[in-house]
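Student: Just so we're aligned, residue 1 is where the sequence shown starts under the UniProt record's numbering, counting upward by one.
Source of the hints: derived by calculation from the structure; they are not laboratory data. Given the structure is predicted, the values throughout are model-derived calculations rather than measurements. Watch out, some of these pointers could steer you wrong.
What the hints assert, rightly or not - Heads up, simulated DSSO-like pairs for lysine-lysine below, C-alpha to C-alpha not over 30 angstroms straight-line: (1) K190 <-> K121; (2) K101 <-> K40; (3) K117 <-> K190.
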Amino acid sequence: MRVSVRKDGSALSHAPDNWYAVDWRRVERNVRGMQIRIAKATREGNWRRGRALQRMLTRTLSAKLYAVRRVTQNQGARTAGVDRELWDSPESRWLAVGRLKRRGYKPLPLRRVFIPKANEKERPLGIPTMRDRAMQALYLLALEPVSESTSDPNSYGFRLNRSTADAMSQIFVAMSQKGSARWVLEADIKGCLDLS
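Modelling step: build the complete structure from the supplied sequences, incorporating the hints.
Tutor: Rendered as structure tokens:
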């Protein structure tokens, strides 16, 4: 681990110099702290400060490390995009962190793969490159606090820390009141008619 030293001799920061030297607890704490500040600025309506904090977060080493770790530790990490590049070694991950810059970044096309459906048909699946996934994860870290702060409190689909059980309990609360509707109709009209 590299330690930067000020002119007066005191330590400035503990910047890691390789993938193994990263203190992941500190990285997560730094990212979480910035996200809390972004959410607070959003709730207060201070959009200018929120944007500045988002910009700051996407440029920090902690956020870049977290984004690379996030895309290399899931199941899709073994699937390459059109560039056929995989970040499967600690050295390649460390080099990838340095490549996450906004200036000069252009996303590459998706690799198209067809996967089977339950009805024996196939559906297309677009696979982005590792760098594109990491950039998406990096900017998601900055956008998530804003979307969580401003979105509907009773929305449960694809939301962080929300499950089907949360949606079911909210339905129970809404339907158990005296003036609630007696019936709920749920239908998949497009699937029923099979308009494709």
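Student: For the pair we were handed, K190 and K121, check the Cα-Cα distance against 30 angstroms.
Tutor: holds, 17 angstroms
Student: Between K101 and K40, is the straight-line Cα distance small enough, at 30 angstroms or below?
Tutor: Roughly 26 angstroms between the alpha carbons, so the hint for K101 and K40 holds.
Student: Between the alpha carbons of K117 and K190, is the straight-line distance 30 angstroms or under?
Tutor: holds, 17 angstroms
No hint from the list above goes unmet by this structure.
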